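Trainee: Residues per chain, in single letters:
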Amino acid sequence: MENQRREQQPDKITVENLRVFYKDFEALKGITIGIKANRVTALIGPSGCGKSTFLRTLNRMNDLIEGVRVTGSIKLDGEDIYAPTCDVVDLRKRVGMVFQRPNPFPKSIFENVVYGPRRYGIKNRVQLMEICERSLKQAALWDEVKDRLHHSALGLSGGQQQRLCIARALAVQPEVLLMDEPASALDPISTAKIEDLIADLKKDYTIVIVTHNMQQAGRVSDYTAFFLAGELIEYGETATIFERPSDPRTEDYITGRFG
Amino acid sequence: MSALWQASKAAMPKGPSHKEEALIAPARRPGFWRSGDPLVWMSAGALAVSLLMVLGLVLLVAVRGAAYFWPAPVLRLELADGSTVIGEQVARERAPAATPSSGARHRIQLKVGNRDVYGMDFLWVDEDQIALRETPREIAVLERLQGGDAYGIPVRLESAQGTVHGEGMWQRFQELHAQVVRLRNEIRRLERDRVGAINHRIEAARLALVRLGRSGAKDPRRAAEAARQEEIIAQAEREYQEVLQEIRSLRSQLGKGVLVLALADGRELEVPVSEIVRVYFPNAMNLMQKLGWYASKLWEFVSQEPRESNTEGGIFPAIFGTVLMVLLMTVAVVPAGVLAAVYLTEYAKEGWVTSVLRVCIRSLAGVPSIVFGAFGVGFFIYFVGGRVDRLFFPEKLPAPTFGTGGILWASLTLALLTLPVVIVATEEGLASVPNSVREASYALGATKFETVWKVAVPGALPGIMTGVILGIARAAGEVAPLMMTGVVKLAPELPVDGHPPFLHLERKLMHLGYFIYDLGFQSPNVEAAQPMLFATALALMVIVFALNFAGIRLRSRIRARAADRV
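These protein sequence lines are chains V and A, in that order.
Numbering that gives the first Met the number 0 puts the first residue of the first sequence at 0, with every later residue one more than the last.
Numbering that gives the first Met the number 0 puts the first residue of the second sequence at 0, with every later residue one more than the last.
Rather than coming from a laboratory, the hints here were simulated on the basis of the structure.
Worth double-checking, as some hints may not be accurate.
Here are the simulated DSBU-like cross-link-like pairs (lysine-lysine), alpha carbons at most 30 Å apart as the crow flies [to be verified]:
hint, chain 1, residue 1, chain 2, residue 2
1, A, Lys447, V, Lys122
2, V, Lys35, V, Lys92
3, V, Lys22, A, Lys488
4, V, Lys74, V, Lys92
5, V, Lys122, A, Lys453
6, A, Lys348, V, Lys92
7, V, Lys92, A, Lys395
8, V, Lys122, V, Lys35
Not close to chain A: a few residues of chain V, all C-beta gaps over 12 Å, as computed [to be verified]:
hint, residue
9, Arg93
10, Gln99
11, Pro105
12, Val125
13, Arg167
14, Asp221
Bear in mind the structure is a predicted one, so any value in this text is a computation, not a measurement.
Ideal Cβ placement from N, Cα and C applies to all residues, glycine included.
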């Protein structure tokens with residue numbers, strides 16, 4: 000039953016023959032993958048395999064790095080995001096991102112959350128407050144910070160900061176949420192909270208998460224993609240990948256024989 | 000272990016190998032140099048020396064500057080040769096060995112005043128020549144508008160109502176003097192406000208006439224306008240004559256009353272009451288009176304204009320000029336410096352051009368300030384100022400408006416001088432904002448512009464403030480470039496007044512640093528000016544400190560806001 004419904008899920012993002020070059024180095028060697036809507040897709044693989052690079056092509060954060068060249072196509076709801084007509088600002092509004100280390104702005108909690116909405120021209124203070132409350136509640140942080148919204152975000156703990164960054168990304172109501180090892184810098188309790196959060200969020204968002212933690216990938220994701228040396232080795236339902244991987248390299252990696 | 004081994008070898012390079020084993024144990028205690036203790040002592044010593052020098056300087060200036068306002072006792076000395084002197088002791092030192100009257104151990108320096116009688120203010124007296132030393136209560140010190148202080152014993156007061164001796168004299172003097180002060184203030188007010196306003200009107204009308212004449216047209220509307228301006232001038236001239244008449248009549252009332260002093264040598268000195276600023280009896284004052292006197296002198300010092308080629312009176316115009324100039328400089332340097340640094344760090348493509356630029360900017364910080372002064376003269380005054388005059392003030396030519404030194408050019412020259420400091424500090428502030436935070440902004444769909452101005456620059460604000468504080472500290476004490484770009488010994492008008500446009504950027508300014516230089520090296524009577532010199536130096540230090548303190552408070556407020564409320 001569950002499996003059937005999953006299979007019916009349409010692709011949110013379709014990637015075809017994606018190649019990324021850093022100057023002469025080919026970081027991604029022809030990736031073709033379809034990311035399912037309202038599902039959590041985990042990207043796993045050893046360091047330097049290109050999974051972070053892949054993640055960053057999905058909202059064109061690689062544009063900021065000099066000497067990066069991208070070929071192939073990435074379609075979000077059928078629209079090519081690398082087309083000249085595509086507005087990067089609009090794309091990043093639809094595809095939010097949470098980074099490896101918590102990176103709140105040196106501003107108040109409130110200002111952190113409403114930074115995105117402010118950029119899109121919302122000035123009404125009441126409206127901003129509503130957005131702030133909704134986003135913090137979604138990120139399961141509201142109860143902890145509701146009395147000190149105007150205190151600095153830098154005064155929060157690492158786990159709270161990371162959930163604040165998630166709230167900040169949610170405040171612009173994206174369709175896709177990219178997470179680059181969002182729990183790697185956190186303690187186990189904060190990690191558990193983030194994982195619970197991810198399970199909640201997939202009702203409304205399509206989530207792509209990079210992780211080095213196999214248990215985490217197994218716990219939170221519906222689909223798993225295994226990257227190795229810039230290539231997509233295997234992609235499928237998480238249960239399948241973990242229990243019956245078709246490629247021996249995937250099995251080696253998952254069972255900890257290398258990487 | 001290997002380090003110890005080597006140490007023991009170094010200590011005993013020629014030692015036979017079988018003895019080295021035994022030497023390891025004593026070598027375990029690090030040597031005197033290797034322990035690092037000498038370096039700790041040296042660094043502590045260096046800090047102590049710097050602290051002592053700073054404290055010594057501050058104490059010297061603070062003590063001597065603050066003592067300026069204290070009413071010192073006035074001595075009356077009878078000397079061995081039968082003569083008498085009256086004066087304030089200002090210094091005491093070991094007499095030079097070459098003095099013929101051998102046996103003199105010390106000598107004292109007296110400020111005897113009465114420059115108009117004696118021709119000098121100061122006198123050295125050998126201590127062994129003093130037969131009698133006393134501080135009579137009836138000795139008065141007269142601060143005068145001209146000729147410096149007068150010391151003596153008041154004997155009588157001559158006025159239109161006759162001559163008064165003894166008891167009644169003091170009361171009579173108070174009445175006369177109160178009237179004189181009132182008249183003097185009235186005259187000053189008339190001269191400054193009424194005459195100033197009339198001059199302003201005449202000047203405006205004259206310039207309007209010149210403009211009308213320059214356009215050379217003959218049409219009747221212009222002729223009518225010219226006639227109207229002529230009428231304004233004539234009207235103003237008439238008013239001027241009226242005011243002049245008023246001033247003359249006030250002046251004539253001043254001339255009554257003469258206070259006669261008995262000087263130390265028995266001569267009498269007649270001092271017109273109209274010349275007296277105030278009279279006090281330092282030897283008869285109790286502590287409360289002295290404190291009151293101190294406060295009133297201090298107030299005069301910071302609120303009044305200087306007298307007697309800056310050796311008496313107050314330094315208000317110099318304080319005003321210094322603060323205004325620093326503020327104008329800040330207004331000019333902060334936007335320029337911050338924008339330059341933002342471009343250099345956030346927009347410019349890193350490469351050899353930016354490297355060369357950075358080196359140049361840092362070198363600029365080391366260029367002597369006098370060079371900036373010369374640049375200010377050449378560029379701002381002659382080049383920019385000259386063009387501004389030709390474009391906007393042609394009717395005033397050949398008299399320059401902006402084509403000569405003024406507070407605007409002085410401030411801009413100093414802004415140029417402090418620009419490298421602000422740029423470097425802003426760059427460092429921007430570099431301290433982590434890139435991950437910029438990425439977060441981009442990931443939320445912010446543009447580069449928004450990321451720079453909403454995230455990077457606010458994050459760099461404390462660094463920017465540090466640069467501004469350093470710049471102010473440097474600029475407030477600079478004198479050399481100002482001497483070339485618009486500072487004067489005595490400016491007739493403040494750069495801010497009641498006539499539009501209220502802030503007169505073309506005017507000359509007075510500056511505490513130049514005031515000190517002028518007082519210390521250009522004054523006709525350097526010794527008499529010395530107390531004022533220290534007081535002014537103290538004032539400059541206090542102002543620089545206050546400006547810095549304000550900047551530091553502002554910076555910590557910004558930091559607290561970044562940490563707490565935004």
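Trainee: Next step is simple, just say for each hint if it's right about the structure.
Mentor: Hint-by-hint comparison with the structure:
At most 30 Å may separate the alpha-carbon atoms for a hinted pair to count; A/Lys447 and V/Lys122 meet this at roughly 20 Å. Pair hint V/Lys35 plus V/Lys92 holds up; C-alpha atoms about 19 Å apart against a cutoff of 30 Å. Between V/Lys22 and A/Lys488 the alpha-carbon distance is near 65 Å, which puts this suggested pair outside the 30 Å criterion. A distance of roughly 15 Å separates the Cα atoms of V/Lys74 and V/Lys92; the hinted pair therefore holds under the 30 Å criterion.
For the hint linking V/Lys122 to A/Lys453, the alpha-carbon distance of about 15 Å falls within 30 Å, and the restraint holds. Pair hint A/Lys348 plus V/Lys92 holds up; C-alpha atoms about 27 Å apart against a cutoff of 30 Å. For the hint linking V/Lys92 to A/Lys395, the alpha-carbon distance of about 61 Å lies beyond 30 Å, and the restraint is violated. A threshold of 30 Å between alpha carbons decides the hint, and for V/Lys122 with V/Lys35 the separation of about 35 Å lies outside it, so the pair is violated.
At roughly 9 Å, the least C-beta separation between V/Arg93 and chain A is not larger than 12 Å, which violates its mark as non-interface. A beta-carbon of chain A comes within 12 Å of the beta-carbon of V/Gln99; the shortest separation is about 9 Å. Annotated as non-interface, V/Pro105 brings its C-beta within 12 Å of a C-beta of chain A; the closest such distance is 5 Å. Distance to chain A confirms V/Val125 as a non-interface residue, since its nearest Cβ pair spans about 19 Å, more than 12 Å.
Under the 12 Å C-beta cut-off, the non-interface status given to V/Arg167 relative to chain A is violated; the minimum distance is some 7 Å. Chain A leaves V/Asp221 outside its interface by the beta-carbon criterion, the shortest separation being 24 Å against a cut-off of 12 Å.
Checked against the numbered hints given earlier, the structure breaks hints 3, 7, 8, 9, 10, 11, 13 and satisfies all the rest.
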